[in-house]
Amino acid sequence: MAQNGTSVSIQDLSLSFGAISVLHTLNLDVAEGEFIVLLGPSGCGKSTLLNCIAGLLDISEGRIFIKGKNVTWEEPKDRGIGMVFQSYALYPQMTVERNLSFGLRVAGLPKEEIDKRIARAAEILQIEPLLQRKPSALSGGQRQRVAIGRALVRDVDVFLFDEPLSNLDAKLRAELRVEIKLLHRKLQNTMIYVTHDQIEAMTLADRIAVMKGGVIQQLDAPQTIYNRPVNRFVAGFLGSPAMNFIDGRLEKVGSDWQFAFEDVRIPLATYAFEKEPTPGPAVFGMRPEHVAFNSGAGWPFTATANVEVVEPMGSDTLVWLKLGKQNFTVRVTSERTPNNTDTVSIGFDPMRASLFDAQTGNRL
Amino acid sequence: MTAGQITAIQPVQEAQDQAGVGPIGPKPRRISAGRIGLYAFLVVAALFFLIPVYIMIVTSLKGMPEIRLGHLFNLPSEPTFQPWADAWLHACTGRDCNGLSPGFYNSVKITLPSVVISIICASINGYALTFWPYKGANLLFGLLVFGAFVPYQVVIYPLIIGLSSVGLFASLPGIIIVHTIFGMPILTLLFRNFYAAIPVELFKAARVDGAGFWRIFLHIMLPMSVPITVVAVILQVTGIWNDFLFGIVFAGRPNWPMTVQLNNIVNTTTGVREYNVNMAATILTAAVPLIIYFVSGRWFVRGIAAGAVKG
Amino acid sequence: MQKSWRRRFHLPAVIGTIPMILVAVGVFVIGIGFSVLWSFTSSKLFPTYDFVGLAQYRRLWADSRWLVSVNNIWFFGLMSITCNMVFGYLLAVFMDQRIRQEDLFRSIFLYPFAMSLIVTGLVWQWVLDPNLGLQAALRNLGWSSFSFAPLVDADTALYALVVAGIWQGSGVTMAILLAGLRGVDEEIWKAARVDGIPTWRTHMSIVAPMMKGAFATAFVLQCVGVVRVYDLVIAMTGGGPGISTSMPAVYVIQLITVRQNVGQGMAAATMMLLPVLVVLAFGGILLWRRNREASA
Ligand SMILES: Nc1ncnc2c1ncn2[C@@H]1O[C@H](COP(=O)(O)OP(=O)(O)O)[C@@H](O)[C@H]1O
Ligand SMILES: [Mg+2]
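Residue numbers (my numbering), protein chains in the order written: chain E, 1 to 364; chain B, 1 to 311; chain Z, 1 to 296.
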């Protein structure tokens, strides 16, 4: 059960490596028990942010609170965090059991307590049979379980994950993803999870923080991020295939707004603007799965388009169209696949669209 | 763990923060005792490495009277390059007083061909071992690696006898052959490891294109071998230039390399010891490898590391 | 048939590696074989085939000069390898602390390695010379009772060789171990820090064991250097005072060239080869077992 207290709070955090500024006055509040995913392209500063929270990097400006305590200058071990790394970072010459117990032994915990915690972690992660093995004798998935176990035995409130699944193959990744989700449900810990994989982000997160260039672009529930991206970067980064973007103009006809490109006019009566817009250049975005085929009437907007390529993907099919001179992808269920070179009629509701300012890229 | 606890903590924290206290911004970097100790250790270590050479340089620029005063660390009061000139042209070994320069030219005559020949041999070895391993080739390679660990003393006498029987003992070709032999194990290893890291598809594609042993070597492998060749050249030039044992045994008196001449000049027991000349001679002998070291920088380290990955 | 023969002995490959065949077989097998063979003969200046059994070995082990040499090489080897490793590791660890001027320090620690051992020997001969070096300098500065002349004393001359060896070689140890340290996954350090493990403990319990390879490399490199130590002794002490710094490598060369007693010299050389063979065999077995485990 998520509680309302703030678990991790980052205030005005900045960090630079020499002259290169990586994080810029960043603010983030993570609620108790929340699963936050930091999502963004490689090099955007996700790991850097996580390392700051862990205390592995000294920050340049700002403060970090964990469970209400100002930990800005604390050592990592005193922050009440556990961390899981992409390369697992298991100590190669120690058995799994000793890997798990090492930090506890160093902290001088009594033997019974250590055994108890290891037994619990091993049970939760189902690694009991592996305890006496060396990391080199484990598969990638097993190694990552042990790495999670090492965070688990620390009995901490906040778990930090840095791309924990990126070194695994697709099948294992899917399995462990579910396990991490179950683990979170069971432990109710705060988890901060870094990934560049949008599927992981969408499936795991209570809230996603989409980052770019050291700045959090949007922090929201996955569905909100997906459906109402705050800017063109977020809209384009999430979703596969990517959202369709069409450059055009926003015009006012009578009391109604419409989006115009070439000789096409899309009525925007159903679109919920953020604030009263002004006429001018804009970008129209529409997700491929929000477009329907051959549906005849009933849509606020319909048009005919030429099929360029059809890509069957099993459960559904991608259709690459030309709408006017613009490229446009549509995702439909497999039964409704059109033939190549057909001319098809498409329809959608602009309610589901996203409009962006052509200059700033911000949502209109 | 509960919300209650948190609210219990937070007001205190907030009060602190409003008052502007509490950690904020970068953790203050105290210049810790550890950090000072670290630099102290490094600086003392650096002095240990530098002082001997400092002494050499200042002494080589002093006149003998000043040296006898015994102020070892002082800078020369009247710097003179006379000792350097003497070391190069007039220093004596026994009866000959031609200085180090003949030794220098001998070292050049020994080093250049030895380096070229040994690298050519080793690169062909490495290439053949990687891409054309014939039956028994790996046994040969094993023997060669074994040779990298063998004390030279076990092989020297048979080599003396062998070279004498073909009339090459105590001659320039003789010493060049000896350097090629003793450079072969480590260089072959170096080249083999380098070629082993090249994708074998490249070799296969060339075979499909109809190229044979030599053509693949000359047109495909050699052009790719520049970095490893640079490492090998550095390794060999410094190694052969610095050699003393093979030079004194195999080169023959007229061809003695610089290191042998230097040792003879310095450890000659007759006459007054001219420390300034001796030190100048020593610096001159060390100059070539030192220049290579400072010019090649990281390549040099890489050469050591590469040469060190035995087995 | 024809084809498979060509595959097994691809002619250009065999021709191209003739030098290797000659060296591997001719020098490292046949040459060493002759050395061992002559050690059983009464050869003086030139090899003879007058076999005398183990007589040369008996004479060798009765020769005090050889006994001193053997003692010296053990002492020198243990001392210089230990000191080199400890000092080199300390340097490497300190160099790994994100220090300023790392390249400068690295150059300073490493440059003696670029120089000939003859040069190293001469340099230290002067630094330790009682009338010219440190002793004279410090006495001149007013510390008249200062006494430090290891090279003129038979009991301490070996220590002086060790110091010179460290001066020449610890930079390389540092470079190899530093590369090993840098090869350790960055995330291991982070994991250990999150676990609250003190830095020294991380070094001892986690990182040092992970650097087995680098330690082995540095160790082997030094062992090879110790067995071959010749130039350093010649330049620094000439084996003296007396025979106090004689080493097997020096001993063998003297027997061959000066004392013209090839039979006994080859016996001594064979004795030098023996420990190397034992260690190589041992290493070979280890390697073979590891390979078998890996493939199993
Ligand atoms: N130690 C460092 N020194 C300098 N720049 C760094 C360092 N670590 C990371 N960076 C830079 O900071 C940026 C963010 O890195 P990182 O947080 O690792 O990205 P990611 O989002 O892929 O995890 C990158 O551009 C990287 O080049
Ligand atoms: Mg990262």
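I should point out that these hints are in silico values taken from the structure, not numbers from a laboratory.
From the three backbone atoms N, C-alpha and C, an ideal C-beta is built for every residue, glycine too.
Check before you lean on any hint, since a few could be wrong.
Stated by the list, open to error - Result set (SDA-like, lysine to any residue): computed pairs, CA atoms no more than 20 Å apart in a straight line:
(1) K134(E) <-> K212(Z)
(2) K134(E) <-> S205(Z)
(3) K204(B) <-> E187(Z)
(4) K27(B) <-> R98(E)
(5) K77(E) <-> P12(Z)
(6) K190(Z) <-> L57(E)
(7) K27(B) <-> S9(E)
(8) K134(E) <-> E187(Z)
(9) K135(B) <-> T317(E)
(10) K171(E) <-> D157(E)
(11) K77(E) <-> R201(Z)
(12) K134(E) <-> D185(Z)
(13) K135(B) <-> T199(Z)
(14) K27(B) <-> V344(E)
(15) K190(Z) <-> R98(E)
(16) K204(B) <-> H10(Z)
(17) K77(E) <-> P28(B)
(18) K77(E) <-> V14(Z)
(19) K212(Z) <-> P12(Z)
(20) K135(B) <-> H10(Z)
(21) K27(B) <-> G68(E)
(22) K77(E) <-> K27(B)
(23) K69(E) <-> K204(B)
(24) K204(B) <-> S60(E)
(25) K27(B) <-> T199(Z)
(26) K135(B) <-> E187(Z)
What the hints assert, rightly or not - Heads up, incomplete: computed chain Z residues facing chain E, CB under 7 Å, no partners named:
(27) D185
(28) G196
(29) I197
(30) I206
(31) V207
(32) A208
(33) P209
Verification of the hints:
1. Distance hint between K134(E) and K212(Z) is fulfilled; the C-alpha atoms sit about 16 Å from each other, no more than 20 Å.
2. Proposed proximity of K134(E) and S205(Z) is supported: the alpha carbons are some 15 Å apart, at most 20 Å.
3. For the suggested pair K204(B) and E187(Z), the alpha carbons sit about 39 Å apart, so the restraint of at most 20 Å is broken.
4. As the CA atoms of K27(B) and R98(E) are separated by approximately 33 Å, the hinted pair breaks the 20 Å bound.
5. For the given pair, K77(E) sits about 63 Å from P12(Z) by alpha-carbon distance, which is inconsistent with the 20 Å threshold.
6. Distance restraint check for K190(Z) and L57(E): the Cα-Cα separation of roughly 10 Å lies within the 20 Å cut-off, and the hinted pair is therefore satisfied.
7. Restraint check for K27(B) and S9(E): satisfied, since their Cα atoms lie roughly 17 Å apart, inside the 20 Å limit.
8. Distance check on the hinted pair: K134(E) and E187(Z) sit about 18 Å apart at the alpha-carbon level, within 20 Å; holds.
9. Pair hint K135(B) plus T317(E) does not hold up; C-alpha atoms about 56 Å apart against a cutoff of 20 Å.
10. Among the hinted pairs, K171(E) with D157(E) is inconsistent with the structure: their alpha-carbon atoms are about 29 Å apart, more than 20 Å.
11. Proximity of K77(E) to R201(Z) is assessed by CA-CA distance (about 14 Å); at most 20 Å being required, the pair is judged to hold.
12. With a C-alpha separation of about 17 Å, the suggested pair K134(E) and D185(Z) falls inside the 20 Å cut-off, and the hint holds.
13. Between K135(B) and T199(Z) the CA atoms are separated by roughly 51 Å; this puts the pair beyond 20 Å, and the hint is violated.
14. The hinted pair formed by K27(B) and V344(E) fails the criterion: a straight-line CA distance of about 63 Å is larger than 20 Å.
15. Restraint check for K190(Z) and R98(E): the C-alpha separation of about 17 Å stays at or below 20 Å, so the hint holds.
16. A distance of roughly 16 Å separates the Cα atoms of K204(B) and H10(Z); the hinted pair therefore holds under the 20 Å criterion.
17. Between K77(E) and P28(B), the direct Cα distance comes to roughly 19 Å. Compliance with the 20 Å bound is thereby established for this hinted pair.
18. With a C-alpha separation of about 62 Å, the suggested pair K77(E) and V14(Z) falls outside the 20 Å cut-off, and the hint is violated.
19. Distance hint between K212(Z) and P12(Z) is unfulfilled; the C-alpha atoms sit about 40 Å from each other, more than 20 Å.
20. As the CA atoms of K135(B) and H10(Z) are separated by approximately 9 Å, the hinted pair is consistent with the 20 Å bound.
21. For the hint pairing K27(B) with G68(E), the CA-to-CA distance comes to about 18 Å; that is within 20 Å, so the pair holds.
22. Our distance criterion of 20 Å between C-alpha atoms is met by K77(E) and K27(B), whose separation comes to about 16 Å.
23. At most 20 Å may separate the alpha-carbon atoms for a hinted pair to count; K69(E) and K204(B) exceed this at roughly 63 Å.
24. A threshold of 20 Å between alpha carbons decides the hint, and for K204(B) with S60(E) the separation of about 54 Å lies outside it, so the pair is violated.
25. The hinted pair formed by K27(B) and T199(Z) meets the criterion: a straight-line CA distance of about 19 Å does not exceed 20 Å.
26. About 45 Å separates the Cα atoms of K135(B) and E187(Z), which puts this hinted pair outside 20 Å; it is violated.
27. At about 6 Å, the closest approach between the beta carbon of D185(Z) and any beta carbon in chain E falls short of 7 Å, and the interface hint on this residue holds.
28. At about 3 Å, the closest approach between the beta carbon of G196(Z) and any beta carbon in chain E falls short of 7 Å, and the interface hint on this residue holds.
29. Taking 7 Å as the C-beta contact cut-off toward chain E, the hint placing I197(Z) at the interface holds, the least distance being around 5 Å.
30. Taken as an interface hint, I206(Z) checks out: its beta carbon lies about 5 Å from the nearest beta carbon of chain E, inside 7 Å.
31. For V207(Z), the interface hint is violated, the least distance from its beta-carbon to any beta-carbon of chain E being 9 Å, above 7 Å.
32. Annotation: interface hint on A208(Z) violated; nearest CB of chain E at approximately 10 Å, more than 7 Å.
33. Using the Cβ-Cβ criterion of 7 Å, the hint placing P209(Z) at the interface with chain E is satisfied: the shortest such distance is roughly 4 Å.
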